[in-house]
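Q: Now for the letters of each chain:
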Amino acid sequence: MAIQNTSNAVLPDARDVHGAPNAPAHWRSARWRTNAIAFQTIIIKEVQRFSRIWVQTILPPVITMSLYFVIFGNLIGSRIGPMEGFSYMEYIAPGLIMMAVITNAYSNVVSSFFGAKFQRHVEELLVAPIPNALILLGFVAGGMIRGLIVGALVTVVALFFTHLNIHHWLVMLSVVLLTAMLFSLAGFVNAVFAKTFDDISIVPTFVLTPLTYLGGVFYSISLLPDLWQNVSLLNPILYMVNAFRYGILGTSDINLTVAFLLIIGFIVGLFGFSLYLLNKGIGIRH
Amino acid sequence: MWARTVQQIVINQAGYYGIPRRQAQQRSEQVLRRLGLWDKRRSIARELSGGMKRRLLIARALVHEPRLLILDEPTAGVDIEIRRSMWRFLREINDQGTTIILTTHYLEEAESLCRNIAIINHGEIVEDTDMKTLLGKLHLETFVLNLHQPVSDLPSLPGYPLRQTDETTLEVDIDKTQSLNALFQNLSTHGIDVLSMRNKTNRLEELFVRLVENNDTTRTA
Chain C
1 MAIQNTSNAV LPDARDVHGA PNAPAHWRSA RWRTNAIAFQ TIIIKEVQRF SRIWVQTILP
61 PVITMSLYFV IFGNLIGSRI GPMEGFSYME YIAPGLIMMA VITNAYSNVV SSFFGAKFQR
121 HVEELLVAPI PNALILLGFV AGGMIRGLIV GALVTVVALF FTHLNIHHWL VMLSVVLLTA
181 MLFSLAGFVN AVFAKTFDDI SIVPTFVLTP LTYLGGVFYS ISLLPDLWQN VSLLNPILYM
241 VNAFRYGILG TSDINLTVAF LLIIGFIVGL FGFSLYLLNK GIGIRH
Chain U
1 MWARTVQQIV INQAGYYGIP RRQAQQRSEQ VLRRLGLWDK RRSIARELSG GMKRRLLIAR
61 ALVHEPRLLI LDEPTAGVDI EIRRSMWRFL REINDQGTTI ILTTHYLEEA ESLCRNIAII
121 NHGEIVEDTD MKTLLGKLHL ETFVLNLHQP VSDLPSLPGY PLRQTDETTL EVDIDKTQSL
181 NALFQNLSTH GIDVLSMRNK TNRLEELFVR LVENNDTTRT A
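Going down the list, the sequences are from chains C and U.
Note that this note's numbering numbers the first sequence so that position 246 is 246, with each residue one more than the last.
Note that this note's numbering numbers the second sequence so that position 204 is 204, with each residue one more than the last.
No wet-lab data here; the hints were simulated from the structure.
This one's a predicted model, so the numbers in the text were calculated from it and none came from an experiment.
Every residue, glycine too, gets a C-beta built ideally from N, C-alpha and C.
Where hints are given, some of them may not hold.
To be verified - Which chain U residues face chain C? A few, computed with CB under 10 Å, are given here:
(1) Gln7
(2) Ile9
(3) Ile11
(4) Asn12
(5) Gln13
(6) Tyr16
(7) Tyr17
(8) Gly18
(9) Ile19
(10) Pro20
(11) Arg21
(12) Ala24
(13) Ala45
(14) Arg46
(15) Arg60
(16) His64
What the hints assert, rightly or not - Derived contacts from chain C toward chain U, CB cut-off under 7 Å, selection only:
(17) Ile37
(18) Ala38
(19) Thr41
(20) Lys45
(21) Glu124
(22) Ala128
(23) Ile130
(24) Asn132
As the list claims (entries may be wrong) - Computed cross-link-like contacts, SDA-like style, restricted to lysine to any residue with a CA-CA straight-line distance of at most 25 Å:
(25) U:Lys53 x C:Val127
(26) U:Lys40 x C:Ile44
(27) U:Lys53 x C:Leu148
(28) C:Lys117 x U:Gln8
(29) U:Lys53 x C:Ile284
(30) C:Lys117 x U:Ser85
(31) C:Lys117 x U:Met52
(32) C:Lys117 x U:Gly50
(33) U:Lys40 x C:Phe118
(34) C:Lys117 x U:Arg41
Just chain C, same shape as in the assembly (with noise of 0.2 Å):
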């Protein structure tokens, strides 16, 4: 089927010109034009739909947040006294940052994508000529747009109970990016593998919730024994809480280049798992 762009002159179909690598010039332009639309398309469609729900998406992770500096940041925190240099209301601060940026930026994608295989509206994208990695792309974006969002309104939060300098801004930007990335492609894995409501909470809640909570957020490994500390290391979450808080604290439990590949490549198989899974149809084709 062709289509038309703005000047309606008629374009090949997606596979004319990814196909034929002497297409004419203003074909692949055309293609390019059509393709940045499309995925641009995509991010509107998410974004309005977690803007629509804001009270379901947007405002619980900032008070659920909000009680944790009041809780634990500032009526038992201040029993805690002093951790790594810093109090402990500033210690907990990136890992809460980072809490809430991975838990949103994961339900996003796995809330939207299963939500558009449910109401089979995700037919619309399979149908249109917009190539795979982009309608991944297009979600991923969507789940690292509310997951930043959330995670600004978290860091906003916390400036009500603390002050924060930030130690390296390109560490903290590039960390918080790419987990949000991370986190919206295993959202995604799970969307494409859940075939029931049930099947989108279970990950968040038995994997995803215990391994943030054990992933360095409220305490620095160097406090637990040996064995256990050994043991936290497998958490990949731990690798990204303390990175993350690196970048605006300057201290970490684990060496920064460790965790920058962790994720890097986390990220590269995810996106090749995901994408693999959306080629051949799995979950989605029936």
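Knowing the structure of chain C, use the given hints to seat chain U on it.
A: Chain U only, in chain C's frame:
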């Protein structure tokens, strides 16, 4: 809670085909107006009636102005008024250059809209030709005649097998080589005035039944 409005759905669909948002907005208005859904543009799609949902599907299919439109029973379950307006709409877009492939169980719809027709029986194409040629294959048609006055004694007309269904209604089978004029002259001779006449069933339907029956007989033989 996640639901998008009718217009958002159509705009997004246009976006997936590379139509910029502002233009998609205009086109969505055009197609929604033409399909009688403009008043429902802010409604949630799942709250629409069956017929409206079907029209929304067509709006989504049309918003990127495709050259080929494939419609699977577009008028199934919609009321007569909407069906007729959809027929008008399909004729319009066809006149504007969109090729339409339509599957339907309503043979009246196929006869009224289509130039070419394929009949599928048990997944097998038993006929694939233009409408005129196909209807030309119908040798025998049954007509229903409404009479001016009741007939008590039905005359016997050679070559025209008459059946009486009630006092003022007759049925007659006519071969395509036979003239209707001769039939009316014969009836007038016997003092029978015909007020009106219609086909007993849709011509295409009659042909369809015969083709499918023939095909089934061949399959079982």
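Q: Is the Cα-Cα distance between Lys117 (chain C) and Gln8 (chain U) 25 Å or less?
A: holds, 18 Å
Q: Has the given pair, Lys40 (chain U) with Phe118 (chain C), been kept, meaning a C-alpha gap of at most 25 Å?
A: With Cα atoms ~24 Å apart, Lys40 (chain U) and Phe118 (chain C) stay inside 25 Å; holds.
Q: With a cut-off of 10 Å on the beta carbons, see whether Ala45 (chain U) makes it to chain C.
A: holds, 9 Å
Q: Do the numbers back the hint for Tyr16 (chain U), that is, is its least Cβ distance to chain C under 10 Å?
A: Hint on Tyr16 (chain U): holds, closest Cβ of chain C at ~4 Å, below 10 Å.
Q: Does the nearest C-beta of chain U fall within a distance shorter than 7 Å of the C-beta of Ile130 (chain C)?
A: For Ile130 (chain C), the interface hint holds, since the closest Cβ of chain U sits about 6 Å away, which is under 7 Å.
Q: For a C-alpha distance cap of 25 Å, please report whether Lys117 (chain C) and Arg41 (chain U) respect it.
A: At roughly 24 Å apart (the allowed maximum being 25 Å), Arg41 (chain U) and Lys117 (chain C) satisfy the hint.
Q: Taking the closest Cβ pair, is Ala128 (chain C) under 7 Å from chain U?
A: With a closest approach of 4 Å, the Ala128 (chain C) hint holds.
Q: Holds or violated: are the alpha carbons of Lys117 (chain C) and Gly50 (chain U) at most 25 Å from each other?
A: holds, 21 Å
Q: Would the hint linking Lys53 (chain U) and Val127 (chain C) be met if the CA-CA limit is 25 Å?
A: holds, 18 Å
Q: Against chain C, is Tyr17 (chain U) within 10 Å by beta-carbon distance?
A: Holds, about 5 Å.
Q: Under 7 Å is the threshold here; is the Cβ of Ile37 (chain C) close enough to any Cβ of chain U for the hint to stand?
A: Constraint on Ile37 (chain C) satisfied, holds at 5 Å.
Q: Mind checking the CB of Lys45 (chain C) against every CB in chain U and telling me if the closest is under 7 Å?
A: Holds, about 5 Å.
Checked against the numbered hints listed earlier, the structure breaks hints 1, 24, 27, 30; every other hint is satisfied.
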